[in-house]
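Going down the list, the protein sequences come from chains F and B. Each residue of the first sequence is one higher than the one before, counting from 1 in our numbering. Each residue of the second sequence is one higher than the one before, counting from 1 in our numbering.
Do not rely on the hints blindly, as some may be mistaken.
As the list claims (entries may be wrong) - Calculated pairs, PhoX-like style, for lysine-lysine (alpha carbon to alpha carbon, straight line, at most 25 angstroms):
(1) 102(B) / 253(F)
(2) 240(F) / 99(B)
(3) 15(B) / 11(F)
(4) 252(F) / 67(B)
(5) 29(F) / 99(B)
(6) 123(F) / 164(F)
(7) 58(F) / 67(B)
(8) 67(B) / 240(F)
(9) 25(F) / 102(B)
(10) 252(F) / 102(B)
(11) 15(B) / 164(F)
(12) 123(F) / 15(B)
(13) 15(B) / 253(F)
If you're looking for bench data, these hints aren't it; they were derived computationally from the structure. In this text the structure is predicted, and so the values were computed from the model without any measurement.
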Amino acid sequence: MAQFSLPQNSKIEVGNYFKDKTNSKNLRKINVYRWDPSTGKNPRIDTFEVDMDNCGPKVLDILFKIKNEIDPSLTFRRSCAHGVCGSCAMNIDGVNGLACIKSHSDINGDLNIYPLPHLKVVKDLIGDLTTLYKQYESIQPWLKVDQTGQEKTELKQSQKDREKLDGYYECILCACCSTSCPSYWWNGDKYLGPAVLLQAYRWINDSRDGDKKERLKKVADELKLYRCHTIMNCTNSCPKGLNPAKAIGSIKKMLATS
Amino acid sequence: MENNNPLSPHLQIYKWQISSLLSITHRIVGVINFFAMILICVWAIFIIFGQNNYSAVNIFLNTSFGKFIVISLCWTFSFHILNELRHLVWDAGYGFDLKVAKITGMITFIGSFVLTILFYILGRNFF
Chain F
1 MAQFSLPQNS
11 KIEVGNYFKD
21 KTNSKNLRKI
31 NVYRWDPSTG
41 KNPRIDTFEV
51 DMDNCGPKVL
61 DILFKIKNEI
71 DPSLTFRRSC
81 AHGVCGSCAM
91 NIDGVNGLAC
101 IKSHSDINGD
111 LNIYPLPHLK
121 VVKDLIGDLT
131 TLYKQYESIQ
141 PWLKVDQTGQ
151 EKTELKQSQK
161 DREKLDGYYE
171 CILCACCSTS
181 CPSYWWNGDK
191 YLGPAVLLQA
201 YRWINDSRDG
211 DKKERLKKVA
221 DELKLYRCHT
231 IMNCTNSCPK
241 GLNPAKAIGS
251 IKKMLATS
Chain B
1 MENNNPLSPH
11 LQIYKWQISS
21 LLSITHRIVG
31 VINFFAMILI
41 CVWAIFIIFG
51 QNNYSAVNIF
61 LNTSFGKFIV
71 ISLCWTFSFH
81 ILNELRHLVW
91 DAGYGFDLKV
101 AKITGMITFI
111 GSFVLTILFY
121 ILGRNFF
């Protein structure tokens with residue numbers, strides 16, 4: 001049975017309040033999830049008053065402003081800042097997304113920022129994605145062909161076959177979808193989750209791959225695949241506008257018709 | 001080594017979507033229907049044992065609480081049938097588009113009330 005409430009050591013406490021020192025008229029309250037592994041205390045919510053007149057348009061700009069000007073100990077992952085790397089995936093205003101492409105003006109009221117849901121927290125906004133990467137490895141995300149490597153012939157793909165990968169190859173593995181999925185929350189150790197299943201579909205659907213049947217067989221499992229109940233939180237949260245629910249539906253359909 | 005790091009909040013903070021609300025409603029309503037079916041079967045067995053039992057249940061069902069239960073069950077069955085149809089279409093590979101899924105979700109929700117009224121009127125006037 002799934003545990004719906006947070007364990008004792010994860011209960012969130014009220015944290016520090018950082019009052020504005022710039023005397024700005026345009027203030028916004030930003031609530032950020034904090035947890036420091038060195039203190040041994042429970043996680044807390046810190047509230048920062050941020051001067052919005054001197055802040056960039058995205059949520060990531062706010063985080064940088066806090067880190068640079070208010071509290072340098074704030075920890076989060078980021079890299080490209082253009083929605084391509086997927087490092088700054090977090091829960092913003094209750095929905096998973098990339099901080100670098102989410103405009104804070106789209107959100108009304110106080111801004112709540114949490115790490116991706118139902119992960120072991122490493123520090124502050126960083127969640128541990130080890131399980132997800134292991135599951136990704138388990139679907140063998142590389143081209144498998146009958147060639148020995150000696151032939152040195154190009155694996156050709158028609159435009160039509162290439163188009164079949166549109167909407168799937170764009171996935172950046174930010175884990176927004178998997179960590180938004182209640183099924184993945186309760187069965188994350190066994191159920192592969194939307195991100196990995198979308199990737200599985202991407203390889204099943206690749207005309208150059210020679211291992212389609214084996215791939216389908218591997219994924220056809222009560223727990224690995226059929227824990228998807230089409231809740232569609234994944235599609236609702238994907239920052240790249242992809243549709244993991246459709247990919248999973250397509251795998252189920254392939255299995256039912258093959 | 002046991003990882004004692006805290007678990008990030010999930011159900012507590014995640015914003016409900018139309019699709020996720022309908023999904024959990026589908027699950028709850030399914031459980032209710034399961035028990036309702038058992039009760040209906042028990043009721044049917046009672047009828048075999050005589051008229052007195054039938055009238056006892058009849059009196060109960062005509063109280064306002066009984067009526068509430070009957071109408072509620074009309075709704076739970078209506079909702080489950082319509083949402084199950086939605087799942088059938090999904091299984092056939094259609095309707096995954098976010099906009100389409102939202103529209104079919106709303107149709108299911110509103111349709112379940114329409115179907116409830118239809119069930120009730122049909123039941124009242126013809127049986």
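These are the hints, each one checked on the structure:
no., hint, verdict
1, 102(B) / 253(F), "holds (21 angstroms)"
2, 240(F) / 99(B), "holds (16 angstroms)"
3, 15(B) / 11(F), "holds (19 angstroms)"
4, 252(F) / 67(B), "violated (41 angstroms)"
5, 29(F) / 99(B), "violated (33 angstroms)"
6, 123(F) / 164(F), "violated (39 angstroms)"
7, 58(F) / 67(B), "violated (54 angstroms)"
8, 67(B) / 240(F), "violated (49 angstroms)"
9, 25(F) / 102(B), "violated (40 angstroms)"
10, 252(F) / 102(B), "holds (21 angstroms)"
11, 15(B) / 164(F), "violated (32 angstroms)"
12, 123(F) / 15(B), "holds (23 angstroms)"
13, 15(B) / 253(F), "violated (30 angstroms)"
The structure fails to meet hints 4, 5, 6, 7, 8, 9, 11 and 13 from the earlier list, while all remaining hints are met.
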